[in-house]
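The lines below spell out each chain.
Number of protein chains: 2
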Amino acid sequence: MSDELIFADEQDSRAEQQTQIPWKILIVDDDEEVHTITKLALRNFQFDGRPLVFLHSHSAQEGLDMIRKHPDVALCLLDVVMESDHAGLDMVPKIRDELRNTFVRIVLRTGQPGQAPEETIIADYDINDYKEKTELTRGKLHTLLYSCLRSYRDILALERNRQGLERILLASTQLQQKTFVQDFARGILEQISAILAPDEDALYAQCEGVAAHEESGRLTVVAGTGTYQHDIGKAVTDLLPDSAHAFIAGVETGFHAQHLDSGYFCLYRSSELHLSLLYLKGLTARNAMEKHLLEVFCQNALTAFENLSLRTELEDSQREIVFILGDAVEHRSRETGQHLRRVAEISYILAKASGLSQHQAVLIREAAPLHDLGKIAIPDAVLNKPGPLDPDEWAIMQTHAQHGYDMLHQSDKPILCTGAQIALDHHERWDGKGYPNGLAGTDISLAGRITAIADVFDALSSRRCYKDAWSLDQVKALFQKERGAHFDPDLVDLLMERWDEIADIKAQFPDR
Amino acid sequence: MSDELIFADEQDSRAEQQTQIPWKILIVDDDEEVHTITKLALRNFQFDGRPLVFLHSHSAQEGLDMIRKHPDVALCLLDVVMESDHAGLDMVPKIRDELRNTFVRIVLRTGQPGQAPEETIIADYDINDYKEKTELTRGKLHTLLYSCLRSYRDILALERNRQGLERILLASTQLQQKTFVQDFARGILEQISAILAPDEDALYAQCEGVAAHEESGRLTVVAGTGTYQHDIGKAVTDLLPDSAHAFIAGVETGFHAQHLDSGYFCLYRSSELHLSLLYLKGLTARNAMEKHLLEVFCQNALTAFENLSLRTELEDSQREIVFILGDAVEHRSRETGQHLRRVAEISYILAKASGLSQHQAVLIREAAPLHDLGKIAIPDAVLNKPGPLDPDEWAIMQTHAQHGYDMLHQSDKPILCTGAQIALDHHERWDGKGYPNGLAGTDISLAGRITAIADVFDALSSRRCYKDAWSLDQVKALFQKERGAHFDPDLVDLLMERWDEIADIKAQFPDR
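The listed protein sequences correspond, in order, to chains A and B.
FYI, full-length UniProt numbering numbers position 36 of the first sequence as 36, with every residue one higher than the one before it.
FYI, full-length UniProt numbering numbers position 94 of the second sequence as 94, with every residue one higher than the one before it.
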């Protein structure tokens with residue numbers, strides 16, 4: 001997209017410039033006089049306000065090279081007899097099949113019709129007209145040019161439209177593979193240039209605009225380009241021109257697009273009463289086709305954007321619910337602060353370090369806060385006993401692992417399955433001396449071994465009502481001592497490798 | 001899509017049939033002899049294996065009607081002088097602008113070139129060629145036909161391709177507005193016919209196939225058409241031909257499509273290791289364009305399908321987490337069974353009945369299980385006291401409403417905000433004698449008033465360890481008595497109106 005497209009007031013000069021782009025006419029003929037006469041006869045000829053420019057080739061080989069170099073030749077006036085009696089004819093399948101140029105109009109002009117009988121030639125070769133050179137008076141040449149350029153123009157318009165739709169579909173498919181709302185929204189803004197003006201100078205291919213989404217009743221910028229690139233998180237109402245506000249306020253459910261002086265707006269209000277908005281500053285479609293492509297793209301993109309936003313909101317609210325659930329349980333056992341958040345983040349670092357996929361690591365991070373869920377079933381008298389537990393009480397306390405598993409394991413949802421595994425295994429020990437099942441080594445799930453380390457790391461390094469926080473050196477010493485005893489030795493090595501990063505989690509989520 | 005497209009072995013007869021569709025040539029001329037001579041000259045003419053069929057009009061008015069009736073006329077051979085000296089010329093803008101037919105090739109044939117000078121006519125009218133009748137020998141007429149039909153064929157192919165892409169984008173946008181995975185998947189299968197063969201007999205427009213999605217490691221049918229319509233929930237591996245299994249097993253991340261003997265397969269394996277599959281039995285693309293459109297559509301649709309599946313899985317797991325959370329709290333207070341599920345469903349019925357939107361009603365249903373979340377903060381001694389509570393204990397018990405609110409209200413997520421409101425308000429009374437805030441009437445949130453009724457309805461009509469279940473008549477009597485006292489009178493009226501439906505919830509979710 002060029003700057004003229006962005007700045008509507010420069011559009012006139014752009015339109016003028018556009019009309020100056022000439023139609024390329026290729027003359028392939030070994031008779032120099034034919035070149036001269038043709039140029040003369042078509043002097044000052046214009047079609048659709050655009051002049052002609054001539055390319056000249058004197059052999060079939062030259063002609064083919066020229067078309068290869070100029071795939072946008074509109075019309076090729078082609079002699080038959082050149083290097084050989086049928087050099088011109090042989091060019092035709094080369095253009096159509098080898099160069100795959102089906103758009104250029106090819107008109108055969110022969111001086112020796114006997115060499116190339118009209119009826120067979122026109123049937124056998126994919127040409128657009130057949131003329132004897134003697135037929136081609138100035139008037140007939142004009143008619144021929146109109147006829148061919150009209151077809152070429154129509155075909156090219158359809159092809160441009162088709163390519164635009166192809167680009168939209170490609171963009172649509174690519175955008176839908178994005179996982180983050182911000183990436184998606186930036187993608188929409190970046191694709192618009194490519195869709196409307198794929199061939200133009202990349203330097204100008206900057207579309208200034210914002211993508212916004214309604215969050216908690218406030219239309220918030222989620223992506224911006226150009227002057228808006230630093231406006232993420234701002235309210236859209238502070239950024240948009242006044243003309244936009246009435247439009248936004250008025251729209252009902254569905255998709256709405258409008259060209260205003262200040263630019264192009266489109267909105268999608270889903271049945272769930274969410275609103276997504278795209279504003280492209282100063283953007284004006286140059287013609288009906290661009291307008292159509294813009295609408296088709298924006299409608300498709302905004303619908304997908306809305307879906308991704310809903311999914312993101314669900315992910316966020318699921319995460320919050322899990323933390324609330326975990327916090328509620330912690331609160332009962334008088335543990336406070338951000339323990340769960342830290343356990344989740346430390347588990348994530350260890351999961352990634354141990355080579356799990358992003359997806360698996362995220363699952364462990366999301367499910368880790370459920371590790372002590374079973375404590376909800378432990379009576380106050382045991383859970384909050386001020387002194388040490390007697391053997392019976394200790395046996396009751398240990399049931400929280402199984403209780404947690406029982407609550408979660410019947411689900412087939414990945415986060416809950418992982419949570420069940422973590423709840424069950426997070427008190428198992430590498431040497432088999434843990435509970436509830438006394439599993440050892442890799443019989444313990446990796447998620448369980450990871451959260452065991454994260455849980456102990458954070459418990460030791462934090463202050464609790466019954467103990468002070470250990471120093472990081474003391475914690476490190478314990479893990480080195482318990483490497484291969486309490487804890488998976490490989491995971492302890494990964495913990496040591498990433499010690500600073502993990503210790504830093506405490507600073508990011510301090511106790512409140 | 002016709003049956004020939006579905007049953008590949010019948011494709012040959014189809015191909016043959018396809019080639020028989022003639023090109024429509026319209027002759028508009030007031031001289032009957034011109035009709036006869038033209039037909040004679042073009043007898044047995046074929047282009048691309050398809051014959052010609054002639055339409056005859058003897059005036060501009062008739063000609064225009066004919067084009068209106070046959071928008072698929074390929075070529076119009078148009079006389080100039082008919083009803084008036086320029087009747088033929090006047091037809092041109094009517095065809096192009098009024099009928100918006102830019103595809104038909106128009107060739108002017110004049111017997112009196114003086115009436116219609118070539119150079120101005122060809123420039124001023126959107127025609128594709130200009131001929132004097134005397135020029136049109138049999139050979140020249142053949143050349144003209146080839147020239148025009150080639151252009152028409154090329155333009156039509158591009159236009160069909162463009163329309164196919166438009167339909168895909170429309171389908172893509174529409175599919176993305178679907179909320180349910182099953183609807184979406186059925187939509188994909190239904191759209192394929194429309195995309196490949198929009199004009200063909202609806203009776204044949206049945207595409208047999210399945211859409212499947214990986215759930216818990218098992219590729220399960222989510223939608224089926226034709227013989228597969230009753231296979232929802234089945235494992236895909238039991239339905240597909242053997243040739244498919246190797247293909248499915250081999251695919252890596254990304255989109256893959258393949259034409260096998262048994263039909264068309266496409267797969268999308270997302271980065272999250274989920275797999276979506278589309279199988280279209282016996283479907284074979286008839287040409288390169290159909291193949292391309294099919295791929296573009298399937299890729300786009302499967303990507304969107306994957307996103308919707310992820311969202312649905314999130315919705316389901318969020319719902320499960322909320323129930324597990326609620327169940328955990330209930331379990332502590334020794335309430336058992338499906339109380340929460342019933343409260344959620346009864347609340348939903350009342351929310352819909354009271355005129356809330358689907359979205360709002362669903363929010364209340366999803367959040368209702370959180371109403372007693374604050375009980376997690378109530379000590380065992382109070383929560384599970386065998387006898388009646390003394391005033392101090394009662395005061396502690398009542399704090400559960402505020403506790404629940406405190407846990408949830410800091411979130412900006414709709415489900416948690418609604419949950420906070422319900423937790424806070426579900427023990428308020430219409431007459432202001434409830435707790436924690438003694439609100440009255442519509443000062444109590446509607447969600448709170450609704451769940452208060454649902455909670456009491458289910459508590460009374462269920463057996464608890466300390467009481468038997470009340471009969472439905474006893475429950476009804478209580479609500480009638482408390483109409484306008486404990487409960488919102490309008491909501492009690494709605495409860496009475498929907499009594500049977502609500503009582504039925506007990507049968508659907510019996511205590512375990």
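Because the hints were derived from the structure by calculation, they are not lab data.
Among these hints, one or two may not hold up.
[Unchecked claim] Derived pair list, reagent style DSBU-like, types lysine-lysine, alpha-carbon separation capped at 35 Å: (1) Lys-94/A x Lys-131/B; (2) Lys-467/A x Lys-385/B; (3) Lys-178/B x Lys-291/A; (4) Lys-133/B x Lys-140/A; (5) Lys-69/A x Lys-291/B; (6) Lys-234/B x Lys-69/B; (7) Lys-131/B x Lys-133/A; (8) Lys-133/A x Lys-39/A; (9) Lys-94/B x Lys-413/A; (10) Lys-467/A x Lys-433/A; (11) Lys-140/B x Lys-140/A; (12) Lys-140/B x Lys-69/A; (13) Lys-178/B x Lys-24/B; (14) Lys-39/A x Lys-140/B; (15) Lys-413/B x Lys-178/A; (16) Lys-140/A x Lys-94/B; (17) Lys-133/B x Lys-291/A; (18) Lys-94/A x Lys-24/B; (19) Lys-131/A x Lys-133/B; (20) Lys-24/B x Lys-131/A; (21) Lys-291/A x Lys-281/A; (22) Lys-94/A x Lys-291/B; (23) Lys-39/B x Lys-133/A; (24) Lys-291/A x Lys-140/B; (25) Lys-69/B x Lys-291/A; (26) Lys-131/B x Lys-24/A; (27) Lys-352/B x Lys-413/A; (28) Lys-413/B x Lys-281/A; (29) Lys-94/A x Lys-133/A; (30) Lys-94/B x Lys-291/A; (31) Lys-39/A x Lys-69/B; (32) Lys-467/B x Lys-140/A; (33) Lys-467/B x Lys-385/A; (34) Lys-131/A x Lys-140/B; (35) Lys-140/A x Lys-234/B; (36) Lys-506/B x Lys-178/B; (37) Lys-131/A x Lys-39/B; (38) Lys-131/A x Lys-94/B; (39) Lys-24/A x Lys-291/B.
With a cut-off of 35 Å on the C-alpha distance, tell me whether Lys-69/B and Lys-291/A pass. holds, 30 Å
Could you grab the alpha-carbon distance between Lys-131/A and Lys-133/B and see if it respects the 35 Å cut-off? holds, 17 Å
Checking one constraint from the list: CA of Lys-467/A to CA of Lys-433/A, max 35 Å. Satisfied? Judged against 35 Å, a Cα distance of about 24 Å means the pair holds.
Compare the distance between the alpha carbons of Lys-178/B and Lys-24/B with 35 Å, and conclude whether the hinted pair is satisfied. violated, 42 Å
Holds or violated: Lys-413/B and Lys-281/A, Cα atoms, limit 35 Å. holds, 32 Å
Given the hint that Lys-140/B pairs with Lys-140/A, test it: the Cα-Cα distance must not exceed 35 Å. Cα-Cα ~14 Å, so holds.
For a C-alpha distance cap of 35 Å, please report whether Lys-24/A and Lys-291/B respect it. holds, 33 Å
Given the hinted pair Lys-133/B and Lys-291/A, is their alpha-carbon gap at most 35 Å? Outside the cut-off at roughly 43 Å; violated.
Take the C-alpha atoms of Lys-94/A and Lys-24/B, compute the straight-line distance between them, and say whether it is at most 35 Å. holds, 31 Å
Are the Cα atoms of Lys-178/B and Lys-291/A separated by 35 Å or less? Answer holds: Lys-178/B to Lys-291/A is near 26 Å, not above 35 Å.
Would the pair Lys-131/B and Lys-133/A pass a check requiring their Cα atoms to be no farther apart than 35 Å? holds, 17 Å
Taken at face value, is the distance from the CA of Lys-413/A to the CA of Lys-352/B at most 35 Å? holds, 29 Å
Violated hints for the displayed structure, listed by number in ascending order: 6, 9, 13, 17, 24, 31, 32 and 35.
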